[in-house]
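Starting from the given sequences, assemble the full structure and let the hints guide the process.
Residues 87 to 475 in this note's numbering are what the sequence shown lists, from first letter to last.
Simulated from the structure, these hints should not be mistaken for laboratory data. Treat the hints with care, as some may be off.
Pairs of lysine-lysine residues, derived as DSS-like cross-links and limited to a Cα-Cα distance of at most 30 Å, are as follows [claimed, not checked]:
1) K258 <-> K169
2) K430 <-> K373
3) K132 <-> K373
4) K373 <-> K330
5) K442 <-> K169
6) K442 <-> K453
7) K256 <-> K285
8) K258 <-> K430
9) K442 <-> K452
10) K368 <-> K258
11) K452 <-> K330
12) K256 <-> K132
13) K452 <-> K253
14) K256 <-> K442
15) K442 <-> K430
16) K330 <-> K169
17) K368 <-> K256
18) K406 <-> K253
Predicted, not measured: the structure shown is a model, and the values here were computed from it.
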Amino acid sequence: MSNSLAPRTPASAPRLGLLDALRITAALLVVFYHYTAWGHDHWGSKAPEFWPVLSEFTRYGQLGVQLFFLISGFVILMSLQGKNIIGFIGSRVGRLYPAYWVAVIAAAVLSLVIWPEGNGGRAASDILPNLTMFQGAFGVQNLDGVYWTLWVELRFYLLLGLLLALKLTKVKHIMVLCTLWPALGLYLHFTNLNQLQDKVAGEYAALFAAGMMLYLIYQNGHTLMRWILVAGNTAVAAFFTGIKGQQDASELSGLDVPAWHFQALVVLCVVLLAVCTLTPLKHIQAKWLAVAGSLTFPLYLFHQLWGWWIIEELHGVVNKYVLLFGLIAAMLGFAYLVARFVEKPLGLPLRNATIKTLTVSTAWVKKVMSRPVPAISKPKYQQSWHQTR
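Shown next as structure tokens:
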């Protein structure tokens with residue numbers, strides 16, 4: 087048992103195949119939710135009305151986002167091992183930005199050129215802020231609505247990056263984080279400090295924390311305190327998910343869904359993550375699972391805006407079942423192309439370039455800061471005022 091997040095060797099850190107299965111499942115849940123249960127009218131009428139039976143199930147697909155955050159807590163803490171702050175930033179930039187930049191440019195072309203009537207007030211001035219992925223910090227509208235979750239993720243990365251920079255990444259430090267961050271979220275909720283709550287992503291803190299705690303158990307073993315923190319964070323996550331799930335079902339889909347449905351399902355998500363990573367099932371590996379997992383991010387990035395446009399254009403001439411399942415198959419195929427021809431060739435070079443740039447910049451700053459400040463010498467002879475008159 088270790089007390090730090092020391093690096094593992096490749097032999098001792100096999101790929102968790104069922105984690106890939108959970109990732110693609112989360113993405114597909116969101117896809118089905120956006121296509122058949124979100125309250126848009128691109129089918130010619132409101133999606134839940136157009137899909138009255140299917141939407142009874144896909145209305146819960148919004149929980150794919152909560153599952154994403156749980157998995158992220160586990161995976162990002164795993165990726166932290168053996169890295170300094172520069173390596174961590176480089177790995178995140180290389181992982182996220184290649185596909186994201188393509189998605190932003192594609193969304194801009196669609197919403198501003200091809201389908202301006204569906205752009206929801208987006209403007210060309212939104213493109214540059216969106217390319218940074220920090221548009222949420224600037225109050226700029228997302229070019230595609232799904233980007234909101236990336237800003238939540240970035241705040242999680244910033245928090246872990248801060249701990250890494252301060253060398254506070256031992257198990258005890260992570261456990262403190264998994265206690266204080268969700269507790270802060272609860273405090274800000276009950277004191278109605280909503281703006282601060284949004285800044286610290288307190289509503290989602292327990293999801294990331296539950297994922298991190300499961301990773302600590304995966305790496306360092308079971309202890310009572312670790313499981314208490316898993317249970318506590320699961321309870322907090324269920325509390326917030328019940329509120330958001332019921333609110334989104336009402337406001338976005340026009341559906342009346344009891345909060346306890348969402349609460350029970352987010353508990354199930356935690357259980358599934360634990361089963362996939364802490365039981366003998368963690369040894370399941372298959373190449374197709376890794377490929378499926380690689381489709382998750384590009385599928386998530388591209389499915390909503392482009393999918394809605396395709397539905398808008400074709401729903402009147404194509405059978406709805408053929409259109410729905412054909413569209414999802416096409417999105418999976420396109421996600422594969424992005425993963426294969428964008429992420430794979432560009433991710434590593436971008437990561438290395440980021441690391442090199444930050445390393446050189448840091449060395450230059452240290453060099454400048456370490457230079458001695460030259461002393462200001464006083465003149466040997468200074469005339470008095472009456473001598474200069």
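Here is how each hint holds up against the structure:
1. A C-alpha spacing of about 18 Å is found between K258 and K169, which places the hinted pair at or below 30 Å, so the restraint holds.
2. Among the hinted pairs, K430 with K373 is consistent with the structure: their alpha-carbon atoms are about 16 Å apart, no more than 30 Å.
3. Distance hint between K132 and K373 is unfulfilled; the C-alpha atoms sit about 39 Å from each other, more than 30 Å.
4. For the proposed pair K373 and K330, the alpha carbon gap of about 36 Å is over 30 Å, so the pair is violated.
5. Distance hint between K442 and K169 is fulfilled; the C-alpha atoms sit about 14 Å from each other, no more than 30 Å.
6. Between K442 and K453, the direct Cα distance comes to roughly 16 Å. Compliance with the 30 Å bound is thereby established for this hinted pair.
7. Proposed proximity of K256 and K285 is supported: the alpha carbons are some 25 Å apart, at most 30 Å.
8. Under the criterion of a C-alpha separation no larger than 30 Å, the hint pairing K258 with K430 is inconsistent with the structure, at around 36 Å.
9. Proximity of K442 to K452 is assessed by CA-CA distance (about 15 Å); at most 30 Å being required, the pair is judged to hold.
10. The straight-line distance between the Cα atoms of K368 and K258 is roughly 25 Å, inside the 30 Å bound, and the hint therefore holds.
11. Simply put, K452 and K330 have alpha-carbon atoms about 46 Å apart, too far for the 30 Å limit, and the pair is violated.
12. Restraint check: the Cα-Cα separation between K256 and K132 comes to about 50 Å, which exceeds 30 Å; the hinted pair is violated.
13. A hinted pair counts as satisfied when its Cα atoms are at most 30 Å apart, and K452 with K253 qualifies at roughly 18 Å.
14. Of the pairs offered as hints, the one joining K256 and K442 holds, with about 27 Å between alpha carbons and a cut-off of 30 Å not exceeded.
15. A distance of roughly 19 Å separates the Cα atoms of K442 and K430; the hinted pair therefore holds under the 30 Å criterion.
16. Restraint check: the Cα-Cα separation between K330 and K169 comes to about 35 Å, which exceeds 30 Å; the hinted pair is violated.
17. Under the criterion of a C-alpha separation no larger than 30 Å, the hint pairing K368 with K256 is consistent with the structure, at around 24 Å.
18. Taking the CA atoms of K406 and K253, the gap is near 54 Å; set against the 30 Å cutoff, the hint is violated.
In summary, the structure is inconsistent with hints 3, 4, 8, 11, 12, 16, 18 from the numbered list given earlier, while agreeing with the others.
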